[in-house]
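Chemist: Chain by chain, the residues:
Number of protein chains: 4
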Amino acid sequence: MTNYNRKMRMGMVGGGLGAFIGAVHRMAAALDNEIELVCGAFSSDAEKSRQSGEALYLPPERVYGTFEEMILKEKALPEGERMDFVAIVTPNHMHYPPAKMAMEHGFPVMCDKPLAFDYAQAVELAALQKKTGLMFGVTHNYSGYPMVKEARAMIATGQIGKVRKVVAEYPQGWLATLVEATGQKQAAWRTDPSRAGAANCVGDIGTHAAHLLEYVTGLKITEMCADLTTFVPGRVMEDDANILIHLEGGAKGILHSSQISVGEENNFNLRVYGETGGLWWHQMEPNTLQVFGLGNTQRIARTGIGQLSESSLLATRIPAGHPEGYIEAFAILYRNYARTLRSLLKGETPDPRFTDFPGIEEGVRGMAFIATVLESAKSQGKWTKHL
Amino acid sequence: MTNYNRKMRMGMVGGGLGAFIGAVHRMAAALDNEIELVCGAFSSDAEKSRQSGEALYLPPERVYGTFEEMILKEKALPEGERMDFVAIVTPNHMHYPPAKMAMEHGFPVMCDKPLAFDYAQAVELAALQKKTGLMFGVTHNYSGYPMVKEARAMIATGQIGKVRKVVAEYPQGWLATLVEATGQKQAAWRTDPSRAGAANCVGDIGTHAAHLLEYVTGLKITEMCADLTTFVPGRVMEDDANILIHLEGGAKGILHSSQISVGEENNFNLRVYGETGGLWWHQMEPNTLQVFGLGNTQRIARTGIGQLSESSLLATRIPAGHPEGYIEAFAILYRNYARTLRSLLKGETPDPRFTDFPGIEEGVRGMAFIATVLESAKSQGKWTKHL
Amino acid sequence: MTNYNRKMRMGMVGGGLGAFIGAVHRMAAALDNEIELVCGAFSSDAEKSRQSGEALYLPPERVYGTFEEMILKEKALPEGERMDFVAIVTPNHMHYPPAKMAMEHGFPVMCDKPLAFDYAQAVELAALQKKTGLMFGVTHNYSGYPMVKEARAMIATGQIGKVRKVVAEYPQGWLATLVEATGQKQAAWRTDPSRAGAANCVGDIGTHAAHLLEYVTGLKITEMCADLTTFVPGRVMEDDANILIHLEGGAKGILHSSQISVGEENNFNLRVYGETGGLWWHQMEPNTLQVFGLGNTQRIARTGIGQLSESSLLATRIPAGHPEGYIEAFAILYRNYARTLRSLLKGETPDPRFTDFPGIEEGVRGMAFIATVLESAKSQGKWTKHL
Amino acid sequence: MTNYNRKMRMGMVGGGLGAFIGAVHRMAAALDNEIELVCGAFSSDAEKSRQSGEALYLPPERVYGTFEEMILKEKALPEGERMDFVAIVTPNHMHYPPAKMAMEHGFPVMCDKPLAFDYAQAVELAALQKKTGLMFGVTHNYSGYPMVKEARAMIATGQIGKVRKVVAEYPQGWLATLVEATGQKQAAWRTDPSRAGAANCVGDIGTHAAHLLEYVTGLKITEMCADLTTFVPGRVMEDDANILIHLEGGAKGILHSSQISVGEENNFNLRVYGETGGLWWHQMEPNTLQVFGLGNTQRIARTGIGQLSESSLLATRIPAGHPEGYIEAFAILYRNYARTLRSLLKGETPDPRFTDFPGIEEGVRGMAFIATVLESAKSQGKWTKHL
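Chains as they are written, first to last, in the working numbering: chain S, 14 to 400; chain P, 14 to 400; chain B, 14 to 400; chain L, 14 to 400.
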């Protein structure tokens, strides 16, 4: 009988040398000692995949030239040896093929966001996931921050009352010029409709904002009014999005994301105002949550200190004042994924404290968000219903 | 011949004991030793006006029961004694009557914002001002901050390139409950359509945001899409406004103001992103201007130190690190108004360094903004042209 | 019988055109409508005094060539006309002569800090003040901030428990080079022992830190160990001071002030830690007080909002989020001085809510602090008792 | 011939379940895919060691009951299998024995700080290291932050001129009450002289401040004047330290550390002022470095963006605005250690870009710092020479 009291074994699709998000996935997976990288198809270029595997100290025989080869050959290995799940960290257009094939061969998936190239693919993957019952994670990673979980817990337990207003802003400045024309790889694929899908700014970061907003408030966006702009000459897709939103229960809000806001690094912020309180969270200072109350009280909740929700404490590793950052938050998704996967492999009921990570539903919703924004942007009418 | 080498003499309409903005106008007028308060009709209640005048150490004979009385009796005083101008600090519905009568009797006016009860009144006042040629100031006071002037100067001289995106936000939280039902006077008149006019949140603070945005960028709002909400049960007018805006030259933006954002004090912020740079200004830390450049440079401009524009330096009184605040910024409008008025009274050409204060045009534009927001809010179409 | 239901009349010694602190005193005195400037001897240069008086719109006959002339001629005016008190805003070596003469002629005094040229002068002035019983204020102005008063009230009412540790830091950078050699007037007299007295950095800003620390904690410094340095070649007096301090009741602390800390504007900060809580206050963001508690609670107290002490509220003029600054805090001293003086002139008991301003005792203590620091700096022993 | 193109193999002494710093070392070692944990003696309690090893998914045969057993048995394994180095993460009194034995058996060491129980042990370890020539790292981890390396590079290349003043502050509040009496393990050993050595606050965090200060400025502390206090009744060793320091080249400074500063988490800050510039770094916002220049310029250097030194860039993994934190900085030491060790094992010259991590010299210096502080605290003389 297979022993699962071991690290979960990860195979990776994409994430070759020089890739940004692939390296993040690897660090996040490694951090909590729950996962080991055992194989990979790191690039569509077989030689580059080989070099990447070597740099990652993988045995040559588990570095594959294609994801198809990886899935087939790993499948052929004995159960105690083969990878336990597949992490997909390729550009958007290459999420669907390996995700589909992995599930078809019985492998659980952890997929980078947005889930797919378009909404139709996302729906198809969801159907396949439902059919196979395989675990499927989508790395809307900002939900892994302790203070994000604290905000969610506070709202869920009524600590700011019924939500009235939400402001989600996600400005970046890195695409303020035609960077994609300079050979910068990140910029190149994200601004290319054949690889990124129908949206650039909205797909890359707007979906993070939409997910986090819904995750924290527990409310769905019901309709929106979007104003998209392509500011940089020579660019095909939007690089700026300003969106009015309506949410369930009568809440209103604003969601804006931008890649041309010169000087902005990754300035993702979320503010939620309820009937009796308010919350501010800033991704670039992620260990602080400002908490406001009706009696003009203002307190600072901080990662790892004072009275905090269990969900927040479970996402914290070190004492307050020792800043945890982006990788740590990302790693919470992997840690929870791995622990839940291990329970399932052992035939046990997963510990509900660790099942909190975005899955295929959140992935599909992200693709619906993109589709709705694009439809609203084209409409002359004010409000467009969320798909 | 009249000697104008003296402080300018101010008569005040409104601003009796307990009023917020009246006291601010008096402190602002007093700060720079250019103006003295010589008379007032501080309340529509004659006894309250008398008490207010006494508390202000005014001679009883120059404390009037009505603004009509004040204007007529001051007019009857010799030129060297009578007030030089009238400051109007009443609720919105009481701006037009004294402003009209003051101009009809030859008195320059300094009027609180918004200029009038409705757009028609504003247009009428503007026509009268044009006819009489009298000085007319409107206290869009946030334009008096040194770092606001620095931002304006930077944009005007091309330091961030062509403007692409603007985010003006103005959240407050003081009306998150039905404060007006508790007898709070500020809340009572601002939420009462018979005194405030057709808008509450948009009129009180949205107009500040619109003015500052246009003042700093030098661009006019051309069209908008507004989403207004009344969140607090029992309230008649909107207490929250989310607005997408388009500006001249293709710039886009967001303007949102709120009075139900629990925890927000007076958190007015402005961010402007151009082709080659970005600027952030925060009213609650007004002496800092963050300046971003394309090469990923980030510098901090600070009131009174380093390389600054002349307009910024002229709005600064004390060395860097000794914070100047809201009253100081407000006082810049009064100082400039007084110096310009003195020059005119002396028959001299005003020093162009001190003619920079909002006038009747800005006042009319503010009323047009309110009217357009309300029209857009009712429209099912996406974009509404600015009046 | 004289009517004192009027503004208090201020005569000023020093503060001619171009002076920094003189202008601050005038703005502070004017802000709250309690004081009017009626006369002055603005410069030791009679022509410059005349020009300054003209620029301040004073009648020529009340602009004097010397402080002696001012005191004598004002004394000769009828009681209802003459100045009510004298504000002294000259360099340190010129505090004692006018302060002494003013008291000898029955005039109350408001004097800039440090009180005198040396400790002996201070003691003499204190004796004269005691003998005459005249009001005497010393502008340790940082004690006028609302959040400083809040901190003091919190400690006085036991909200952080017995004080254990204090960190007072006051770095500036403006004298990092030999600015005094460039003709900069502020630098010239402050670094000149014949005008500033025996200390530069310690006298100019160290005394502010010492006063505030004692004001807020209610504890006196008992002994100290000082390390003074003159970093800039060509300078005579110290431009940097690092001091270990012991306070009453076993509290310990650090007080450091500097004028060579490049980049620092006026970065005066105070932190106090008690047995059950901690407080942080930053002069450059003066409307915020961070309040820590043993249970790892952290709350933000803000000027003018939430639960605050009466002393803090009385030092606040406008709603929260409309920043009050340096001049406003300075003006609290003048407002309190004026109200107390008016009560005394009217033969009434002063309202105890307004008697809170630094007086001659605080002035003497500041001079004792300077003397002790200098003695400690020369000593090879570790601890030197506070004079 | 042994293949070293693999992860370096780490054996761990200490760091059983529930330990703080052991878990940090493991996460730091894992993050960059350069090291794998292969064995450990995680506790002096053999059963606890076994449980810890199981939770870490180690094979039972490589989980040892004592460090002696681990060293002997690993030594007996074939070269291609045995651990490559030993990480020591025990309380201070247990650094020396395993470090000594490891070196005596030819194993390189990575040791937590402070290096030893007392200065004599440190000197002895240094002698042994010199004799054996084995790699020896000491985890003064704050030197791993990108902006710390940037500060060091800026000073080394003269960008702020000759250093004049340094302020290193390290307040914490977690020991403001007698936590050690509640069974809290971290508090228990750190405040126990038989396990922590002669100092508590100075040893635990003061040594970090001293190391970073010397690392960043490149200057050694030459003499000091220390004031130590034990504030909490029932505690044996100091919980607060205020120290005046002199550095090479005439620089002066202050170093203070505290564990009783209620509300402080891990608020380690460093400010350095030179003749032409100033730098501020705050550990709790580690990705920002404020840079001041003589012309009153103020710029913000940020991790991973803009013009940065190579040393800073090499310590950065992800794009600006994605915050890297404490674990990431700690991991830089392990990454550099592993890369240098691999080069040495391969017989190659280590890449000088990765030899930058604290070694035995820094460890000895830390113990000398502790000894000097304690001597100074007892002295009645002002200055005590650094050992």
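Simulated from the structure, these hints should not be mistaken for lab results. Please read these numbers as outputs of a predicted model, since none were measured by experiment. Careful, some of the hints might be misleading.
When chains are identical, the list treats them as one kind, so a pair holds in a single copy or across two.
Derived DSS-like pairs (lysine-lysine); straight-line CA-CA distance at most 27 Å [what the hints assert, rightly or not]: (1) Lys88 - Lys175; (2) Lys175 - Lys391; (3) Lys86 - Lys398; (4) Lys391 - Lys86; (5) Lys86 - Lys20; (6) Lys391 - Lys233; (7) Lys359 - Lys61; (8) Lys391 - Lys198; (9) Lys113 - Lys198; (10) Lys175 - Lys144; (11) Lys391 - Lys359; (12) Lys113 - Lys391; (13) Lys198 - Lys143; (14) Lys175 - Lys113; (15) Lys359 - Lys198; (16) Lys143 - Lys391; (17) Lys113 - Lys61; (18) Lys391 - Lys20; (19) Lys398 - Lys20.
Chemist: Check Lys391 against Lys20 for me: Cα-Cα at most 27 Å, and say if that holds within a copy, between copies, both or neither.
Modeler: Neither: 48 Å inside a copy, 53 Å across copies.
Chemist: Are the CA atoms of Lys198 and Lys143 at most 27 Å apart within a copy, between copies, both, or neither?
Modeler: Classified as neither: same-chain Cα gap 35 Å, cross-chain 47 Å, threshold 27 Å.
Chemist: My question is about Lys86 and Lys20: at a cut-off of 27 Å on alpha-carbon distance, are they close within one copy, between copies, both, or neither?
Modeler: both (20 Å within a copy, 25 Å between copies)
Chemist: Up to 27 Å between alpha-carbons, please classify Lys113 paired with Lys391: within, between, both or neither.
Modeler: neither (32 Å within a copy, 47 Å between copies)
Chemist: What label fits Lys175 with Lys391 when the C-alpha limit is 27 Å: within, between, both, or neither?
Modeler: Cα proximity of Lys175 and Lys391: across copies only (25 Å, versus 32 Å in one copy).
Chemist: One pair to classify: Lys391 and Lys359, alpha carbons no more than 27 Å apart. Within, between, both, or neither?
Modeler: neither (50 Å within a copy, 59 Å between copies)
Chemist: Between the shortest in-copy and the shortest cross-copy C-alpha distance, which are at most 27 Å for Lys398 and Lys20: within, between, both, or neither?
Modeler: neither (44 Å within a copy, 52 Å between copies)
Chemist: Is it within a copy, between copies, both, or neither that the alpha carbon of Lys113 lies no farther than 27 Å from that of Lys61?
Modeler: within (24 Å within a copy, 44 Å between copies)
Chemist: Quick one: Lys143 to Lys391, C-alpha cut-off 27 Å, is that within a copy, between copies, both, or neither?
Modeler: neither (33 Å within a copy, 44 Å between copies)
Chemist: Tell me, please, which holds for Lys359 and Lys198 at an alpha-carbon limit of 27 Å: within, between, both or neither?
Modeler: Answer is neither: 41 Å inside a copy and 34 Å across each miss the 27 Å cutoff.
Chemist: First find the shortest C-alpha distance between Lys391 and Lys233 inside one copy, then the shortest across copies, and answer within, between, both or neither for a cut-off of 27 Å.
Modeler: Result: close both inside a copy and across copies, 22 Å intra and 24 Å inter.
Chemist: Given identical chains, is Lys359 near Lys61, meaning Cα to Cα at most 27 Å, within a copy, between copies, both, or neither?
Modeler: The answer is between: 25 Å across copies meets 27 Å, while 36 Å in one copy does not.
The earlier numbered hints that this structure contradicts are 1, 3, 4, 8, 10, 11, 12, 13, 14, 15, 16, 18 and 19.
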